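**Student:** Spelled out from the first residue to the last, the chains are:
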Amino acid sequence: MRRHYLLFASLSLLLSLLVTAWQEERRAKPVALTPTLTGRVEYCLTCHSDLPQVSNSHPVKTFGCVLCHGGEPLALDANLAHSTMRGGKNPSDFSVVQASCGGADCHSGTAESNRNHIQRATTSIQATYAGAIAHIRYAFSDQLDQKAKMGIFAIQVPWSTSGITELAAFDPTMEKSPFVQAFGQKCLTCHLSAQPAQTGGRYDHFTGCSACHTPTQSADLSSADTKTATQIHMLTTAIPYTQCDICHNRGNYDLRSITFQPRTDLPADRLHDYYQPIAQFTICEWKLECVDCHTRTEAMGDGNLYGTKKEIQYIKCKTCHGTLTELPRTRTLSDPNDLVFRMADLNPVIDLKLGDTILFTEKGEALWNIRALPDGTYEMFSKANGGRFVFRPVKGSGCTQDPSKQDSGSCHLCHSVQR
Amino acid sequence: MPPSFFHHLHPPTIPARQARLGYTLAAGGLAVFLSLLLLVTGLLEMFYYIPSPDHAAASIQTLTFLVPYGGLVRNLHYWSAQLLVVVSIVHLLRVILTGAYASPRRFNYLLGMGLLVLVILLDFTGYVLRWDEGIRWALVTGTNLVKSIPLVGNVLYAILVGGSLPGAATLIRFYGWHIFGLTLMAGILLGWHIFRLRRDGGIALPPPALRPDHTRITRFELVRREIFAMLLATVILLLLSTFASAPLAAPISAANPVSESARAPWFFLWVQQMLKLGSPFLWGVVVPLAVLVIYSLIPYIFPKPIKADLGRWFPKSSRFAQGVALCILLAIFTLTIMALLPSY
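Residue numbers (our numbering), protein chains in the order written: chain A, 1 to 419; chain B, 1001 to 1344.
In case anyone wonders, no lab produced these hints; they're calculated from the structure.
Predicted model, so just to flag it, every value in this text is computed and none were measured.
A couple of the hints might just be wrong.
[To be verified] Per the computed footprint, the stretches of chain B lying under chain A, defined by three or more beta-carbons under 8 Å from a beta-carbon of chain A, are: (1) 1014-1025; (2) 1226-1233; (3) 1243-1249.
Think of the CB as a built atom: it goes at the ideal place given N, C-alpha and C, for glycine as much as any other residue.
With the hints as extra help, turn the sequences into a complete structure.
**Tutor:** Next up, the structure:
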């Protein structure tokens, strides 16, 4: 064998060793994090150091990433690391929410500890869609009354006090009416346990808890740009109306073709653009955020099964303004462990103190962002942006409304904004 | 230059025709080299690998991603193992297609067949040690095949798996077989194989009187050629290991169903394909064993190649054996391709 063969082979080996060492040097240096809650090291931050902390109440040093998202904590290969993530980009999707967000100390504790959010949210009409299903089946004669019988998934709540203790799973293929079948195919993309109409980008966040608690402020919903998606790594209770508007967006139903034409724009001018032309409304509806009036049980349910929105929505004008004969209900804060302090801490738009008097509803829910002032007025801080509003009670005003007629239509006869 | 220890492992001189690359394909030598590399990289892996179901996959992830050059060591072990299967089969084919199995090398041929079986078993047990979703199908299917053997199947299964289902006992048994049992047997057989190679007169050639040329090379030249082959093999292994990572998947989770798209390791794809035909015992046990037996009996049942034909490819006197071996190999190859194509 000629000597230069060996020389050539040796040089090749040297070169490949250099290539190997170069590749090894190019590898990302592992960034370790051992979250205090798990005590198990994870290396997600090697790649995801640019991600903003999801919320102040979920500090990354305490929770890490894997506790909520799943995934392979040790893998530095993106495909492998992400292969076991719960719910893909949305660990709060209701198919996995129990594993991601649940736990007695987290969001599936007892009602008494106010930690039963998952039970409430998954039984709410936003998740079961029971009302829409009942009404469409009734409209096309697949059921003879408007009582909710079916939900997106079968569910039993034996202790439900609403009169509905179970819902069967809605199976469009078993329906007689072709319209109801079409409804099943086309219209089941807008509830919290849905398969969203599209995937990628922000659509990945439109189910489960994140549908509301991960606000997407700006427009382009069709963006599949992952960079944009990472910017909404956020959980908050400061939910702007624009987030509610993504689903409750005043689009148009067409019962002949069973289609829904959603609004594609996010109305910038709420007064002129937001409501249907014939709508009657007043300043509360366009100056405040949806969540300023619609409380947590209205939006997320109270643990019972319901058939319509009306059965769970109970906030009226009088909840905050009272009537001619009654002031709104109030409570003076005397317990430092009161839930309201936790709520105000999560979303610090108001500096609540012991001794403050706040409003609460007829069902006992605290309106923790509304405080009674010494001069008999009330101040409200908007949950989404902290804006301050001062308002008066009806009692003592010139209002002549019959105290027994307190639906919004009655109030809007006088209190209506003109566009 | 006095001969070194490594030179002394070789005969002082050998006929030049025994060391022609076009004849030997360097397959036997490369198999020895790959075995040594597997031993070294395997020993290094043992410092990190934890043979328990809860930790196995995670410990491999640690080795692969977090230990400096750990991924390289694992990839070298993986690629050496895959290449060893290939090189062993090439070596076997070379022996069959040149008629080199003829007496007095019949027994060494059997030792070689034993080594091939051990290489495949070592590869399979090593594959199972990953203990991730990627190996689950093959583990469940492979061990269930053992169960399908009449009379002794259940006993064999219990011995192999250590319970009614694959679990911690299975992993530690596969680990024991991989790092100790099979490795020890392979080491002994390899030593024996090389001893018999020397005892049987080296690589097969016609008797001196029938040889066309009588040139010889020294062991210095032989060692130089071996080093050349080893260097090139190392270059290929390094490049493969740097740019193509050994497979990894998420740890086995009982909550997951066994994936339907899962595949056997590539060298068992032909068996996987046959299993679609029906009886697991027939297609998964009897037929593969029959293939092994036929290959093993080639030196004993087929017409013997004449001595003058040795040292050449495709000698006429052993065409029948060559045909049988190639037909079986073609069938295995076709079944493997079919297993890779989704439509079959």
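**Student:** Taking 8 Å as the Cβ threshold, is the statement that the segment 1226-1233 of chain B is covered by chain A upheld or broken by the three-residue rule?
**Tutor:** Check passed, 4 qualifying residues.
**Student:** Given as covered by chain A, does the segment 1243-1249 of chain B meet the bar of three residues or more with CB within less than 8 Å?
**Tutor:** With 4 residues in contact (Cβ-Cβ under 8 Å with chain A), the coverage given for the segment 1243-1249 of chain B holds.
**Student:** Using a Cβ cutoff of 8 Å, are there at least 3 residues of the segment 1014-1025 of chain B near chain A, or does the coverage claim fail?
**Tutor:** violated (count 0)
The structure does not agree with numbered hint 1 stated previously, though it agrees with all others.
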